[in-house]
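With the hints as your guide, set chain B onto chain Y.
Protein chains: 2
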Amino acid sequence: MKRIVIIGGCAAGPKTAAKSKRLNPENEVIMYTQEDLVSYSACGIPYYVGGSFDNVNNLIIRTPEVFEAQGVHVHVNHKCTKVLPDEKMVIINDERVPYDELVLATGAIVAPIKIKNQNLENIFHIRNLHDGEAVKEKIKISEHAIIIGGGYIGIEMLEAFIKNNLKVTIIEATDQMMPLFDKEMADLIEEYILERDKDKVTLIKNDMAEEFLGEKEFIGIRTKSGKEIMGDFCVVATGVVPNVELAKDCGVEIGKSGAIKVSNRMRTNIPNIWAAGDCTEKNCLITKRHFYISLGSIANKEGRVCAININGGDETFDGILSSAVTRYFDYTMSTTGLSEKIARRHSVDINIDPIAATITKADRAGYMPEMREITIKLVADRRSGEVLGAQAVGSGDADKRINIVSSAIQGGLNVDELLHLDLTYAPPYGTAIDPLHEAVYKIKKLMGNKWS
Amino acid sequence: MKRIVIIGGCAAGPKTAAKSKRLNPENEVIMYTQEDLVSYSACGIPYYVGGSFDNVNNLIIRTPEVFEAQGVHVHVNHKCTKVLPDEKMVIINDERVPYDELVLATGAIVAPIKIKNQNLENIFHIRNLHDGEAVKEKIKISEHAIIIGGGYIGIEMLEAFIKNNLKVTIIEATDQMMPLFDKEMADLIEEYILERDKDKVTLIKNDMAEEFLGEKEFIGIRTKSGKEIMGDFCVVATGVVPNVELAKDCGVEIGKSGAIKVSNRMRTNIPNIWAAGDCTEKNCLITKRHFYISLGSIANKEGRVCAININGGDETFDGILSSAVTRYFDYTMSTTGLSEKIARRHSVDINIDPIAATITKADRAGYMPEMREITIKLVADRRSGEVLGAQAVGSGDADKRINIVSSAIQGGLNVDELLHLDLTYAPPYGTAIDPLHEAVYKIKKLMGNKWS
Numbered sequence: 001m002k003r004i005v006i007i008g009g010c011a012a013g014p015k016t017a018a019k020s021k022r023l024n025p026e027n028e029v030i031m032y033t034q035e036d037l038v039s040y041s042a043c044g045i046p047y048y049v050g051g052s053f054d055n056v057n058n059l060i061i062r063t064p065e066v067f068e069a070q071g072v073h074v075h076v077n078h079k080c081t082k083v084l085p086d087e088k089m090v091i092i093n094d095e096r097v098p099y100d101e102l103v104l105a106t107g108a109i110v111a112p113i114k115i116k117n118q119n120l121e122n123i124f125h126i127r128n129l130h131d132g133e134a135v136k137e138k139i140k141i142s143e144h145a146i147i148i149g150g151g152y153i154g155i156e157m158l159e160a161f162i163k164n165n166l167k168v169t170i171i172e173a174t175d176q177m178m179p180l181f182d183k184e185m186a187d188l189i190e191e192y193i194l195e196r197d198k199d200k201v202t203l204i205k206n207d208m209a210e211e212f213l214g215e216k217e218f219i220g221i222r223t224k225s226g227k228e229i230m231g232d233f234c235v236v237a238t239g240v241v242p243n244v245e246l247a248k249d250c251g252v253e254i255g256k257s258g259a260i261k262v263s264n265r266m267r268t269n270i271p272n273i274w275a276a277g278d279c280t281e282k283n284c285l286i287t288k289r290h291f292y293i294s295l296g297s298i299a300n301k302e303g304r305v306c307a308i309n310i311n312g313g314d315e316t317f318d319g320i321l322s323s324a325v326t327r328y329f330d331y332t333m334s335t336t337g338l339s340e341k342i343a344r345r346h347s348v349d350i351n352i353d354p355i356a357a358t359i360t361k362a363d364r365a366g367y368m369p370e371m372r373e374i375t376i377k378l379v380a381d382r383r384s385g386e387v388l389g390a391q392a393v394g395s396g397d398a399d400k401r402i403n404i405v406s407s408a409i410q411g412g413l414n415v416d417e418l419l420h421l422d423l424t425y426a427p428p429y430g431t432a433i434d435p436l437h438e439a440v441y442k443i444k445k446l447m448g449n450k451w452s
Numbered sequence: 001m002k003r004i005v006i007i008g009g010c011a012a013g014p015k016t017a018a019k020s021k022r023l024n025p026e027n028e029v030i031m032y033t034q035e036d037l038v039s040y041s042a043c044g045i046p047y048y049v050g051g052s053f054d055n056v057n058n059l060i061i062r063t064p065e066v067f068e069a070q071g072v073h074v075h076v077n078h079k080c081t082k083v084l085p086d087e088k089m090v091i092i093n094d095e096r097v098p099y100d101e102l103v104l105a106t107g108a109i110v111a112p113i114k115i116k117n118q119n120l121e122n123i124f125h126i127r128n129l130h131d132g133e134a135v136k137e138k139i140k141i142s143e144h145a146i147i148i149g150g151g152y153i154g155i156e157m158l159e160a161f162i163k164n165n166l167k168v169t170i171i172e173a174t175d176q177m178m179p180l181f182d183k184e185m186a187d188l189i190e191e192y193i194l195e196r197d198k199d200k201v202t203l204i205k206n207d208m209a210e211e212f213l214g215e216k217e218f219i220g221i222r223t224k225s226g227k228e229i230m231g232d233f234c235v236v237a238t239g240v241v242p243n244v245e246l247a248k249d250c251g252v253e254i255g256k257s258g259a260i261k262v263s264n265r266m267r268t269n270i271p272n273i274w275a276a277g278d279c280t281e282k283n284c285l286i287t288k289r290h291f292y293i294s295l296g297s298i299a300n301k302e303g304r305v306c307a308i309n310i311n312g313g314d315e316t317f318d319g320i321l322s323s324a325v326t327r328y329f330d331y332t333m334s335t336t337g338l339s340e341k342i343a344r345r346h347s348v349d350i351n352i353d354p355i356a357a358t359i360t361k362a363d364r365a366g367y368m369p370e371m372r373e374i375t376i377k378l379v380a381d382r383r384s385g386e387v388l389g390a391q392a393v394g395s396g397d398a399d400k401r402i403n404i405v406s407s408a409i410q411g412g413l414n415v416d417e418l419l420h421l422d423l424t425y426a427p428p429y430g431t432a433i434d435p436l437h438e439a440v441y442k443i444k445k446l447m448g449n450k451w452s
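As they're listed, the protein sequences go chains Y and B.
Per the working numbering, the very first residue in the first sequence carries number 1; after that it's consecutive.
Per the working numbering, the very first residue in the second sequence carries number 1; after that it's consecutive.
Be aware that a few hints might be false.
As the list claims (entries may be wrong) - No more than 27 Å apart at the CA atoms, straight line, and that leaves these computed lysine-lysine pairs for DSS-like: (1) B:2 <-> Y:445; (2) B:140 <-> B:198; (3) Y:227 <-> Y:167; (4) Y:2 <-> B:445; (5) Y:163 <-> Y:136; (6) Y:167 <-> Y:200; (7) Y:114 <-> Y:227; (8) B:200 <-> B:183; (9) B:200 <-> B:136; (10) Y:2 <-> B:450; (11) B:361 <-> B:183; (12) Y:450 <-> B:2.
As the list claims (entries may be wrong) - Among the chain Y residues that face chain B by a calculated CB cut under 10 Å, a handful are: (13) 41; (14) 297; (15) 319; (16) 320; (17) 321; (18) 324; (19) 335; (20) 336; (21) 397; (22) 411; (23) 418; (24) 419.
Unchecked claim - Which bits of chain B does chain Y cover? Going by a derived footprint, with three or more residues having C-beta under 8 Å, they are: (25) 327–337; (26) 367–379; (27) 427–439.
Bear in mind the hints are in silico, worked out from the structure with no lab data behind them.
Note that CB positions come from ideal geometry on N, CA and C, so glycine has one too.
This is chain Y alone, in the form it adopts within the complex (with noise of 0.2 Å):
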């Protein structure tokens, strides 16, 4: 019998405390978080402004009530200020609370920005439920949207707001929606939003905000570039950071990345302290680098891990290859391992030289109604023949063909095993050649190979 306190509520906090519970229901388990919910999908969020459903409570997995049937003490509203490692002890809201292993499950805060005047209203973060309501509230008033910020949450809620009637300008400090993604599958992306919404959508690339406009209320943005931008509200999507103060001040190593440094079984460099989920930095599976990226399935990945190792048990989480998925309407963005110019950026240090072929096919037979294309960029090391990654985009079912290149990865398999593989093939599904598999062909043609 242990007990068993749990900083975080999102996610990886969530998934520790219960599986904890489970695994030894002696265990005294006691989660804490400084936000009045637990346990909900903020990924689902951008869904519910969109109006993909109506009640926000959707998006919670399990209430407090929930958590304490199974015998789990929740505690909402209670902030962790300080980590006593020597006397294995919390202060939480001014009161000394002990463990006998400590959980640090304290996910990711806002990224911070350096535009002028943040303290206007109607300037939104998505980060909680309450993000969502406001947002939801907002757009009901409102005709013109700003977004800062092109990534994945930027793309969501411009969906969110297209789906609402409104206008929307989307602010992006890079040459490409999308960053994560290689340069001419982001021009892709693009070239959809703009070519499906072109009277709603105005993206602005390569310039940044410098300054909110207004006195109480927003009213708009400047832009270092000097524009003037005129909008009802604005949401910033200009990423997270692991939130590691507590962390960091108890002497909890920090990784390079920013991010706590956890070994592969969830520890951290004090004993009985533990961190899993989007406080903590990843190990990639391709470059055996750290690094820090925030991926609610991989939170509740290690929050499994971290469970397992601390009631005795010894699982390895071993790390990710930053796999991905989102949507504009019906074209789909996805992504695993290592893009190419992530791979570039890799060759001295990892030896290898990367090399990526393109393809854009149909999705399924060519004569199915519901055939649409996709666009796939395969990554591989030319010497090796290494699979380094992925990224397909468009209307059809590119989802598929990354994620069966991402169990590639983690079997090991090269090119030449990629163009073996047997993929179900049916003309509403696939076609008798995949297109995952043209890829392959096209990328071996690339690397001199004369048979492809």
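What follows is chain B alone, placed relative to chain Y:
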């Protein structure tokens, strides 16, 4: 420069022909088929009949003219009656045609049936485009169709007929639809079909057609159990057998499965005679045993490997997982590797102890309106944790998960490793803990892992 003669014009033949010419434009490549069409998608016939598109020619991939333009000579309505290996000669339409390399791509033919009175009008097999056209004409003046066989083609034709507002009786000899699936998965399929179209579909299991009724025209069927079912026409979908007469006659070795035995380079036992596609037997990547199955995607892969080796390359095709998919309206049935029953049948000869876990879960976030349930059955070897196969059915995205498993099996991942697959997640595409991972948790628990 070689004179390459190819017998057969549907899938493996055209692939071998086109690639042989492309790899070496000096080659003289001649393809003969006894049909009046080459290079078409037989898999698409049910969707043509169902009305997904109106022009049967959409199913033609390449016409003889296109082949000619690529330098491949095509002769339709040319029957090869004999192979003379010693003279490196074939007899085609009574003429002697010499070859340097001969490719047997003779495909499959309708499996012989033991039903009396087979020569009536309005009894159809679904093999080529003309069969499709004939059935499509017939349904215009029909009210009630009878289908013999509840496998892939049976279910696809059922969908086509229901779309055309026919009443349909389907007769299946075994105790389940889709005999390649395990019984409880097939029961779900059956339940869906009978729920969706209870007023139109009559399913008779554990019974066989014994006699076609009628004088000149088909008017019904008498079954073994004595039932008489009246209908306007009948589709026989009781499977195919490899077309190996020509091969057998000239001494090409036939495997125990009844199909042509080929090496993993698509060579037969006779020098300069190759075989590919539905006339050859397959190697199961899991059991390492040879068996027979007819799959269009595999025919293409084999044709490619055959062409490379004929032209001096060295490419292998080591085997398949029998991955396959079909649908009944929005209900998907997808499979890869061994079913539990097939695994049990092999448990002694390949020394496995099969264990299976089945889960039913949401295919994407429960709050998304597009969420549908899928049922996944995972089969593994209890002792080694080797993944043996998976089946998935449901109105949700079942096919994605099966292709992930297929890829994982080819990568040699065991159930533990399957758990760590980094799958994409976003609410419109999946769940934070993928249903496939839920199936893995369950099978690990059944295997005695107390941490699952």
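*Just pull the numbers of the violated hints for me, sorted ascending.*
none
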